[in-house]
Amino acid sequence: MLARIASTLYWTGRYIERSEHLARYLRVQYFSMLDAPMNQSKDFVLKSILTMYGSEFEEGSKLVESEVLQRVGMDYSVRTSIRSTVKMARENAGSVRHVISTELWEAINSFYLYSDRTNPQDFAVRGLYEYTTEVGRQCAIIRSRIHDTLLHDQAWVFVKLGIHLERVAQVIRIVNSKLHDADVISDSGGPNENKVLKLYQQTILLKVVEGFDMHRRAYQRRQTRRTTLEFLIGHPQFSRSITYNLERVLGLLARLNGGEDVREPVQYRAGKLYAYFRYLDYDVISDNPIETLNSALAEVYALHDDIERRYFNAVSTPTSTQSQSQHQR
Numbered sequence: 001m002l003a004r005i006a007s008t009l010y011w012t013g014r015y016i017e018r019s020e021h022l023a024r025y026l027r028v029q030y031f032s033m034l035d036a037p038m039n040q041s042k043d044f045v046l047k048s049i050l051t052m053y054g055s056e057f058e059e060g061s062k063l064v065e066s067e068v069l070q071r072v073g074m075d076y077s078v079r080t081s082i083r084s085t086v087k088m089a090r091e092n093a094g095s096v097r098h099v100i101s102t103e104l105w106e107a108i109n110s111f112y113l114y115s116d117r118t119n120p121q122d123f124a125v126r127g128l129y130e131y132t133t134e135v136g137r138q139c140a141i142i143r144s145r146i147h148d149t150l151l152h153d154q155a156w157v158f159v160k161l162g163i164h165l166e167r168v169a170q171v172i173r174i175v176n177s178k179l180h181d182a183d184v185i186s187d188s189g190g191p192n193e194n195k196v197l198k199l200y201q202q203t204i205l206l207k208v209v210e211g212f213d214m215h216r217r218a219y220q221r222r223q224t225r226r227t228t229l230e231f232l233i234g235h236p237q238f239s240r241s242i243t244y245n246l247e248r249v250l251g252l253l254a255r256l257n258g259g260e261d262v263r264e265p266v267q268y269r270a271g272k273l274y275a276y277f278r279y280l281d282y283d284v285i286s287d288n289p290i291e292t293l294n295s296a297l298a299e300v301y302a303l304h305d306d307i308e309r310r311y312f313n314a315v316s317t318p319t320s321t322q323s324q325s326q327h328q329r
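Its first residue numbered 1, the sequence shown is counted upward by one per residue in the UniProt record's numbering.
Calculated directly from the structure, the hints in this document are not laboratory data. Watch out, some of these pointers could steer you wrong.
Estimated spans, in silico, between C-beta atoms of each pair [unchecked claim]:
1) Asn294 with Ser95: 17 to 23 Å
2) Leu113 with Lys195: 42 to 48 Å
3) Tyr129 with Asn313: 40 to 46 Å
4) Leu2 with His180: 39 to 45 Å
Straight-line C-alpha distance at most 30 Å; calculated DSSO-like pairs for lysine-lysine [unchecked claim]:
5) Lys195 with Lys42
6) Lys62 with Lys42
7) Lys47 with Lys195
8) Lys62 with Lys198
9) Lys198 with Lys47
10) Lys47 with Lys62
11) Lys207 with Lys42
12) Lys195 with Lys207
13) Lys195 with Lys62
14) Lys207 with Lys47
15) Lys62 with Lys272
Idealized CB from N, CA, C, for every residue including glycine.
Model the full assembly from the supplied sequences, consistent with the hints where possible.
So, in structure tokens, the structure goes:
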């Protein structure tokens with residue numbers, strides 16, 4: 001397969017996965033603002049949303065809700081907006097229409113048309129829930145088309161590789177964002193109030209990755225910060241855990257190379273990252289999980305760079321903003 005085609009398939013998978021995570025984070029985080037018993041909760045939530053999207057803002061500045069929602073959801077001039085991400089997924093898929101199925105192309109094109117026809121004014125006023133929910137539904141349809149209508153050959157492997165690596169990156173970023181939110185909650189309230197608010201951030205975190213119910217099934221006891229991290233980082237049977245997806249990345253790389261080979265540099269890096277999370281000692285990272293996850297995210301980006309050099313004949317040189325947020329093409 002030509003390196004250009006492989007790269008395009010890989011990025012199609014990444015953009016599809018990215019759009020869903022961005023939409024889900026926006027929906028859950030925004031509507032948490034309506035429930036949160038926090039003073040100045042609106043600014044707190046809007047800053048969290050902008051940080052997740054890698055969108056800059058001045059500390060101490062007054063954020064306008066409608067402007068923030070437009071920027072992260074509808075603004076084509078912002079590369080990290082949901083709309084831009086959907087558009088880039090469609091552009092990539094369109095350039096490899098001869099490789100993918102008609103059913104997959106039609107699903108991606110339909111997704112783009114829905115997003116493009118959404119009225120930005122309606123989105124900011126009353127359409128946020130409908131739009132972000134529909135993004136998740138469309139992504140689920142596209143993933144089913146990928147699984148059911150493509151030959152499970154190299155083309156499928158590259159799309160799936162993009163999906164699973166993007167999921168690892170986004171889950172790490174989401175976890176870090178909510179850990180940071182918990183750390184910056186104002187100390188102005190009493191200790192009991194702060195304890196409740198910090199626990200509420202963990203609940204939001206689980207709901208963002210749609211893992212709240214499965215966390216409860218897996219642990220069957222009171223939710224804590226440790227159980228939340230254990231579940232999202234290391235649960236081997238939860239399809240959005242970091243470990244689960246790194247294992248899939250490792251398997252896909254092995255397929256591309258005709259089997260496991262620890263001497264192959266890309267497989268070696270992926271295997272090392274998987275083993276780190278699989279056997280992570282949570283007591284060691286409990287004092288500063290954000291720093292640990294930031295280091296791990298840098299390793300995920302380094303793995304992406306290795307994949308680009310190995311399979312796409314490219315040298316990735318992301319900007320500092322890309323490294324912090326989306327690691328974009």
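* Asked: Do the Cβ positions of Leu2 and His180 conform to the proposed distance bound of 39 to 45 Å?
  -> holds (41 Å)
* **Proposed proximity, Lys47 with Lys207 (alpha carbon, max 30 Å)** => holds (19 Å)
* Asked: Is the straight-line distance between the alpha-carbon of Lys62 and that of Lys42 30 Å or less?
  -> holds (10 Å)
* Take a quick look at whether Lys195 and Lys207 sit within 30 Å of each other, Cα to Cα. => Roughly 19 Å separates the two Cα atoms, so the pair holds.
* 30 Å Cα cutoff - pair Lys207, Lys42 -> holds (19 Å)
* To do: Take a quick look at whether Lys62 and Lys272 sit within 30 Å of each other, Cα to Cα.
  => Answer violated: Lys62 to Lys272 is near 44 Å, above 30 Å.
* Does Lys62 lie within 30 Å of Lys195 when you go C-alpha to C-alpha? -> Answer holds: Lys195 to Lys62 is near 27 Å, not above 30 Å.
* Using the C-beta atoms of Asn294 and Ser95, is the stated range 17 to 23 Å upheld? -> With a Cβ separation near 34 Å, Asn294 and Ser95 fall outside 17 to 23 Å, so the hint is violated.
* Asked: When you check the alpha-carbon spacing of Lys195 and Lys42, does it fall within 30 Å?
  -> holds (20 Å)
* Is Lys198 close enough to Lys47, meaning Cα to Cα at most 30 Å? -> Holds. Lys198 to Lys47 sits at ~17 Å (cutoff 30 Å).
* Between Tyr129 and Asn313, does the C-beta distance stay in 40 to 46 Å? -> holds (43 Å)
* To do: Take a quick look at whether Lys47 and Lys195 sit within 30 Å of each other, Cα to Cα.
  => holds (21 Å)
Hints 1, 15, counting from the list given before, are not met by this structure.
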